[in-house]
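2 protein chains.
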Amino acid sequence: MYSEFGFIEKIRRRSVSRSAKIGIGDDCAVIAKDSKTDLVITADLLVEDIDFRLDWTTPELVGHKALAISLSDIAAMGAKPVWALLSIGVPEKIWNTDFPEKFYDGWFAIADKFNVELVGGDVSKTPDKIVIDSIVAGEVKKNKAVLRSGAKTGDLIFVTGELGGGAGGLKLLDRGVWKNPEQIKLWQMDLLNRQRQPFPQISIGTILSERNLASAMIDLSDGLSSDLAHLCAESKVGAKIEAHRIPIHKKLSEISPLKNEALELALNGGEDFELLFTVNPKKISRLKKVLTNYKITCIGEMTANAEMIELVSASGSSILQPAGFRHF
Amino acid sequence: MYSEFGFIEKIRRRSVSRSAKIGIGDDCAVIAKDSKTDLVITADLLVEDIDFRLDWTTPELVGHKALAISLSDIAAMGAKPVWALLSIGVPEKIWNTDFPEKFYDGWFAIADKFNVELVGGDVSKTPDKIVIDSIVAGEVKKNKAVLRSGAKTGDLIFVTGELGGGAGGLKLLDRGVWKNPEQIKLWQMDLLNRQRQPFPQISIGTILSERNLASAMIDLSDGLSSDLAHLCAESKVGAKIEAHRIPIHKKLSEISPLKNEALELALNGGEDFELLFTVNPKKISRLKKVLTNYKITCIGEMTANAEMIELVSASGSSILQPAGFRHF
Numbered sequence: 001m002y003s004e005f006g007f008i009e010k011i012r013r014r015s016v017s018r019s020a021k022i023g024i025g026d027d028c029a030v031i032a033k034d035s036k037t038d039l040v041i042t043a044d045l046l047v048e049d050i051d052f053r054l055d056w057t058t059p060e061l062v063g064h065k066a067l068a069i070s071l072s073d074i075a076a077m078g079a080k081p082v083w084a085l086l087s088i089g090v091p092e093k094i095w096n097t098d099f100p101e102k103f104y105d106g107w108f109a110i111a112d113k114f115n116v117e118l119v120g121g122d123v124s125k126t127p128d129k130i131v132i133d134s135i136v137a138g139e140v141k142k143n144k145a146v147l148r149s150g151a152k153t154g155d156l157i158f159v160t161g162e163l164g165g166g167a168g169g170l171k172l173l174d175r176g177v178w179k180n181p182e183q184i185k186l187w188q189m190d191l192l193n194r195q196r197q198p199f200p201q202i203s204i205g206t207i208l209s210e211r212n213l214a215s216a217m218i219d220l221s222d223g224l225s226s227d228l229a230h231l232c233a234e235s236k237v238g239a240k241i242e243a244h245r246i247p248i249h250k251k252l253s254e255i256s257p258l259k260n261e262a263l264e265l266a267l268n269g270g271e272d273f274e275l276l277f278t279v280n281p282k283k284i285s286r287l288k289k290v291l292t293n294y295k296i297t298c299i300g301e302m303t304a305n306a307e308m309i310e311l312v313s314a315s316g317s318s319i320l321q322p323a324g325f326r327h328f
Numbered sequence: 329m330y331s332e333f334g335f336i337e338k339i340r341r342r343s344v345s346r347s348a349k350i351g352i353g354d355d356c357a358v359i360a361k362d363s364k365t366d367l368v369i370t371a372d373l374l375v376e377d378i379d380f381r382l383d384w385t386t387p388e389l390v391g392h393k394a395l396a397i398s399l400s401d402i403a404a405m406g407a408k409p410v411w412a413l414l415s416i417g418v419p420e421k422i423w424n425t426d427f428p429e430k431f432y433d434g435w436f437a438i439a440d441k442f443n444v445e446l447v448g449g450d451v452s453k454t455p456d457k458i459v460i461d462s463i464v465a466g467e468v469k470k471n472k473a474v475l476r477s478g479a480k481t482g483d484l485i486f487v488t489g490e491l492g493g494g495a496g497g498l499k500l501l502d503r504g505v506w507k508n509p510e511q512i513k514l515w516q517m518d519l520l521n522r523q524r525q526p527f528p529q530i531s532i533g534t535i536l537s538e539r540n541l542a543s544a545m546i547d548l549s550d551g552l553s554s555d556l557a558h559l560c561a562e563s564k565v566g567a568k569i570e571a572h573r574i575p576i577h578k579k580l581s582e583i584s585p586l587k588n589e590a591l592e593l594a595l596n597g598g599e600d601f602e603l604l605f606t607v608n609p610k611k612i613s614r615l616k617k618v619l620t621n622y623k624i625t626c627i628g629e630m631t632a633n634a635e636m637i638e639l640v641s642a643s644g645s646s647i648l649q650p651a652g653f654r655h656f
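First to last, the sequence lines map onto chains F and G. So for the first sequence, my numbering puts the first residue at 1; every next one is plus one. So for the second sequence, my numbering puts the first residue at 329; every next one is plus one.
Since the hints were made in silico from the structure, they are not lab data. Please note: incorrect hints may appear among the correct ones.
[To be verified] Heads up, simulated DSSO-like pairs for lysine-lysine below, C-alpha to C-alpha not over 30 Å straight-line:
hint	chain 1	residue 1	chain 2	residue 2
1	G	Lys430	F	Lys142
2	F	Lys295	F	Lys250
3	G	Lys453	F	Lys125
4	F	Lys36	G	Lys470
5	F	Lys250	F	Lys240
6	G	Lys472	F	Lys36
7	G	Lys611	G	Lys623
8	G	Lys469	F	Lys93
9	F	Lys141	G	Lys469
10	G	Lys430	F	Lys10
11	F	Lys113	G	Lys421
12	F	Lys113	G	Lys349
Model the full assembly from the supplied sequences, consistent with the hints where possible.
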């Protein structure tokens with residue numbers, strides 16, 4: 001019996017590397033395209049009642065999110081999305097509703113924003129639940145894809161945007177706010193949008209790769225504690241982050257007045273689809289210049305303590321265990 | 329409410345073509361790779377209790393078939409498979425068995441035969457049933473991918489191998505032969521193998537594209553009547569095929585002594601994963617020379633009666649309606 005990540009690691013060791021420059025173990029695989037370009041590609045499986053609930057969202061938002069989470073993986077490589085495949089399985093009772101059409105409406109709305117072309121996929125029947133597999137390919141200049149494995153001791157750790165909002169939105173859905181849509185408050189809608197309609201950070205990702213600014217990058221899908229642990233494992237370094245520097249989503253204070261609870265959501269909640277990246281200290285001034293229009297926050301630095309993450313807070317220092325989302 | 333193919337057609341019209349040379353509507357999408365090569369890519373969704381049943385097969389054979397059916401799409405473009413993504417969702421109770429490991433055993437066994445590299449994918453939990461999305465990419469010389477749309481009036485129609493075996497195997501499974509495995513006869517095992525362990529026709533496909541021999545091609549997954557109809561629709565021509573020339577799987581006579589029933593399985597049964605291709609009459613002698621070691625059969629010719637398929641048999645001529653597999 002394996003944990004999800006243990007099993008993936010086993011499959012990874014079994015896969016012989018031939019055409020892929022980077023295979024299993026990063027946000028995307030990296031495959032040589034031509035003399036100037038690499039192709040990056042990712043797949044994300046979404047399952048009804050595991051990854052989404054029909055009464056908690058809309059068909060359009062399921063379509064949006066299916067593509068957005070894959071675009072976030074493309075962003076994490078510093079690549080620009082180009083084309084996509086979409087496989088969808090639905091039960092007969094859903095086929096005979098407007099779900100399929102509205103799902104594709106939502107998918108195409110965000111695809112058009114990012115110039116993503118649907119080139120193929122599959123349509124199938126399922127016995128009971130909806131399943132979606134979202135495959136997206138992107139392009140990046142040769143050898144410029146930003147990997148999880150490039151972080152060095154002393155590199156500073158940055159995150160984009162604010163964290164914990166995705167998990168905060170999930171908490172609201174779990175509490176049943178969707179049952180009375182007319183009573184949803186503005187701050188609640190902010191958090192619900194973070195959960196149901198994530199926005200992939202393609203612009204920041206491509207700037208970082210084009211300007212050679214990031215030594216390593218990952219998208220925050222499982223949760224900061226888990227995703228930083230993935231990056232540390234691939235880079236064979238450790239990290240020290242400071243709790244008070246973590247940009248916690250402002251509306252989380254409305255959910256809970258306890259600061260610790262908001263921090264917990266930011267650390268372990270997952271589904272923020274922001275980027276976490278590391279930068280050589282010498283490049284910081286240039287980084288700030290080119291990202292002046294974007295919210296980025298330095299939360300700590302990489303250390304030589306391989307695969308150990310230290311969390312420094314007012315009450316002292318502790319070891320941060322990966323406690324983000326996992327299926328198994 | 330749409331039929332499956334009607335819905336896909338609608339999605340296809342909505343998709344703006346940019347990077348893809350061929351998008352939705354063929355066995356694979358075709359995307360320019362470099363100055364000498366095109367990339368072809370396909371996705372196939374397999375759902376437990378729709379596309380396979382655990383008591384009718386083994387985990388290894390599910391892994392084999394998941395990859396084989398996508399390789400068959402690659403073969404239908406005349407391409408050579410290169411890399412793959414594999415997304416798999418399993419319920420917790422299956423995760424805690426040896427299914428995942430044996431499934432990958434079967435997948436890797438055929439992947440190694442065809443030099444396919446696993447570069448990524450996803451692992452997820454499902455509430456109840458196993459789902460698999462198999463994505464395979466192949467390479468073909470620039471502009472040499474064989475499309476569904478190239479058939480011309482007068483081209484001869486060929487199929488590889490024998491037809492109806494996949495459907496014959498399914499019939500045996502439906503009759504319950506799997507309940508007494510020690511009593512399965514040799515001829516039954518032949519048909520079961522056709523159903524559970526299909527073999528993709530990569531060699532024939534690549535020979536046809538490299539030698540410029542096929543004007544159009546499709547793999548026989550839904551069934552001859554449906555797949556020939558797809559090819560006719562894309563090529564905007566019709567077809568006339570002769571019943572007595574269709575290479576019916578020999579072991580089907582053991583299932584039913586009625587010739588009509590075997591013909592019905594060969595026409596509409598699906599899942600044979602043989603290739604159907606069309607050839608300009610001038611190229612026939614060259615075709616026979618280069619494919620001398622392979623079983624191919626001419627079953628008829630393309631006609632000017634757009635999208636109409638005529639079936640000629642001893643009892644006369646009739647219009648053949650597409651009656652192969654469809655989900656909706």
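Evaluated hints:
1. Lys430(G) x Lys142(F): Since the Cα atoms of lysine 430(G) and lysine 142(F) sit roughly 37 Å apart, the hinted pair is violated (cutoff 30 Å).
2. Lys295(F) x Lys250(F): Measuring from Cα to Cα gives roughly 14 Å; hence the hint holds.
3. Lys453(G) x Lys125(F): 18 Å, holds
4. Lys36(F) x Lys470(G): With a Cα-Cα distance of about 18 Å, the restraint between lysine 36(F) and lysine 470(G) holds, given a limit of 30 Å.
5. Lys250(F) x Lys240(F): Distance of about 23 Å is within 30 Å: holds.
6. Lys472(G) x Lys36(F): With a Cα-Cα distance of about 23 Å, the restraint between lysine 472(G) and lysine 36(F) holds, given a limit of 30 Å.
7. Lys611(G) x Lys623(G): 17 Å, holds
8. Lys469(G) x Lys93(F): Violated: lysine 469(G) and lysine 93(F) sit about 43 Å apart, past 30 Å.
9. Lys141(F) x Lys469(G): Holds, at about 23 Å.
10. Lys430(G) x Lys10(F): Holds: lysine 430(G) and lysine 10(F) sit about 13 Å apart, inside 30 Å.
11. Lys113(F) x Lys421(G): 40 Å, violated
12. Lys113(F) x Lys349(G): 21 Å, holds
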